[in-house]
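Engineer: Under the working numbering, the first residue of the sequence shown carries the number 15, and numbering increases by one thereafter.
If you're looking for bench data, these hints aren't it; they were derived computationally from the structure. Note that the structure is a prediction, hence the values are computed from the model and not measured. Keep in mind that the hints are not guaranteed to be accurate.
Unchecked claim - Subject to a maximum C-alpha distance of 20 Å in a straight line, what follows is the list of computed PhoX-like cross-link-like pairs (lysine-lysine): (1) K182 with K157; (2) K46 with K151; (3) K21 with K56; (4) K149 with K50.
What the hints assert, rightly or not - Simulated restraints, written as ranges between beta carbons of each label pair: (5) N314 with R91: 53 to 61 Å; (6) D565 with K454: 31 to 39 Å; (7) A212 with Q653: 38 to 46 Å.
By construction, the Cβ of each residue, glycine as well, lies at the ideal position given by its N, Cα and C atoms.
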Amino acid sequence: MEISLLKVLLKNISTFFHLPSHENRNSEIVGKYYQKIEEILKLNKPVLESITDSEISSNESLQKEFAGLNQSIDELRELLEDCHPLMSKVYFVMQIESLFAKIRSQSLQLFELLQSSNDLPDELSSSSLEHCIQKIKHMGHEKSSSILSKAIRDQTDGSGPSVDSRSKIADFLNLKSNQELLIEAVALEKLKENAEQAEKIGDLEVIEEMINLVTHMIDCLIESKQSESSNPVPIPPDFCCPLSLELMTDPVIVASGQTYERGYIRKWLDLGLTVCPKTMQTLAHTNLIPNYTVKALIANWCESNNVKLPDRLTPVGVISSFHEPNSPVHHHHVQTPSVDSLPENTPESGDQGENSTVSNTNESQADEVVVPPEVAVEVAAQPAATATPRREHEYSPRFEPRPRNQLWRRPSDRFGPRIVSSPTTETRPDLTAVETQVKKLVNELTDTSIDVVRNTTGELRLLARHNMDNRIVIANCGAINLLIGLLKSTDEKVQENSVTALLNLSINDNNKTAIANADAIEPLIHVLETGSSEAKENSAATLFSLSVIEDNKIRIGRSGAIRPLVDLLGNGTPRGKKDAATALFNLSIFHENKARIVQAGAVKYLVELMDPAAGMVDKAVAVLSNLATIPEGRTAIGQEGGIPVLVEVVELGSARGKENAAAALLQLCTNSSRFCNMVLQEGAVPPLVALSQSGTPRAKEKAQSLLSYFRNQRHGNVWSIWCIVDKEKNNMFGNKQDAVVCNRF
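Put together the whole structure using the sequences plus the hints.
Structural biologist: This is the structure we're talking about:
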């Protein structure tokens, strides 16, 4: 059996040598790594063959090395077989350099074990093994993964990777042009989607960090391109192709409603990419419709500014500059003519968007509540004191204006509290043993030793995390009241353990009621105001969990919890901000709480969190949508600069974000002519037209209502829309009807 393991390893190495067309799988990057690993395995193969029939091959330590090396080669082969031209280069390099280091280390260990043995076969000498060891030790290998890791850390820390780091990454991975970076972003988004479906939380975090790095590189390249332009007059960003960053000469519209230079978007589609580079939205079809309006406007702009219109562009240029930007991206909005000629829009019968509207008997009919699909019922705890703390992503607390061509992403975090729960197939525990253990722990909660209480709360926290049976037993043994009492403990760890244990217990609906009835809300507010970052996060998550019950929404709102939640929203850790937003969303469902949330200053922070880099766009817009149903909320949204970002979400956000943003804009426009003018000046009509055709049922309804309102109000020259009707062609949604081609400037 032992010898067969060695033979399996040898066969695996031979298979690796005969991987089909490995050098053609993707650029020279794959070939470079393949050659280095092949060099190591070519040193391994003759050595392993020489001991196949030797007694030494049955050595237990060697057997472990055989198994480890065999597994590493399996992983490596799988990685290489999955290579293709549109794969993520960042992810590939991080994976293959890790495997290379592992195979290198395992090979050295294998040779050193053989060298120390006295049972070497005659054809294998200690000197030949030493030669292999030295050759592997001196074998150079790329350090790109360390450069990438440092750049990701710098991006996560908020300082951002240096110009030198970005330049090295761009050179090695050939990510020098905007199109190459966007292809990398698409590949990472696909990996993220796969990780979400497989619920690989660890992979998801790593991929999110990679996406943030690539997005930062895109932003820097765009700003650098703007600052280095040789044109004496800045080119309006909307006249530049989002792929080439150059002035368009043959603009065309794709199914998402975005405009690109024909040559560049055609090359993009020919590569097999079926998503919009700007919005990452899957394209319903690949028809390219000439945008004569944009073409005419560009020609007029060139003539007015003495700029020579370049010859038709072809996608051959590579932008390689990665200098620090020294001037902001220019924004330029051209007002558009009226929507009088816009045909009435009706929902498409085939739309499969989700219906997110739920009724609430405690609210007036005017207060429509949108519950994001990610809201969960159960919540996850933080690891116990012995566990490794989770990583936090720090983001700049200030909201800065940004170009609308920034890459938008779906946040990996669900709009709901965290849950770590056992699988349903888990074997049910012995409840008698659990009860005995819990009773002992509950008695120890009143111990005079702070160390005993600290350990006891930590154990209860873990037990409450594991399954529903444990939560029921812990509550039945009287732990809830004692844990609530410990929320005011001066010991930080006792407070953290206690609030997290209550968070996990609250997953059970009966426990939600029991915790609220035990007067937990005021102590939870105390934790929100005085606790550690982790304690504040889990206190906010507990309040969300309790607020699932309607009566608790009222109790929590009237208890004074909203102001500290808003403070956490504005000044907490990234995780704390998400927990606060989730709790505030649920509380805003109850009409009375909306004014409290506005008065506490939440709108300012919610608008700041509309920056896609914070990963909270959908959360923030959902809360703003609820707050827009009251006058104070609408006023605050207008004053805090919420209108431009809401229009931005309608154009570039997720399906859920677009729906909620449209609902908020409808409230703003129909209740204030001033806000209506502001919305129109932001160029809201074209994205609303697109949404009225391709959004979820509720999004279509809101967009159509808003467009009808615009049409009926007659706001003079404040707003307008460029429309080209072409009855001979399919429109951007693929229908055989009048084609309304709209584009925002």
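Engineer: Run every hint past the structure and note whether it holds.
Structural biologist: Consistency of the hints with the structure:
Among the hinted pairs, K182 with K157 is consistent with the structure: their alpha-carbon atoms are about 11 Å apart, no more than 20 Å. With a C-alpha separation of about 18 Å, the suggested pairing of K46 with K151 holds against the 20 Å cut-off. A threshold of 20 Å between alpha carbons decides the hint, and for K21 with K56 the separation of about 15 Å falls inside it, so the pair holds. Of the pairs offered as hints, the one joining K149 and K50 holds, with about 12 Å between alpha carbons and a cut-off of 20 Å not exceeded.
In this structure the supplied range 53 to 61 Å holds for N314 paired with R91, their Cβ-Cβ distance being about 58 Å. At roughly 34 Å, the beta carbons of D565 and K454 sit within the given window of 31 to 39 Å. Distance hint check: the CB atoms of A212 and Q653 are about 44 Å apart, consistent with the given range 38 to 46 Å.
The structure agrees with every numbered hint stated previously.
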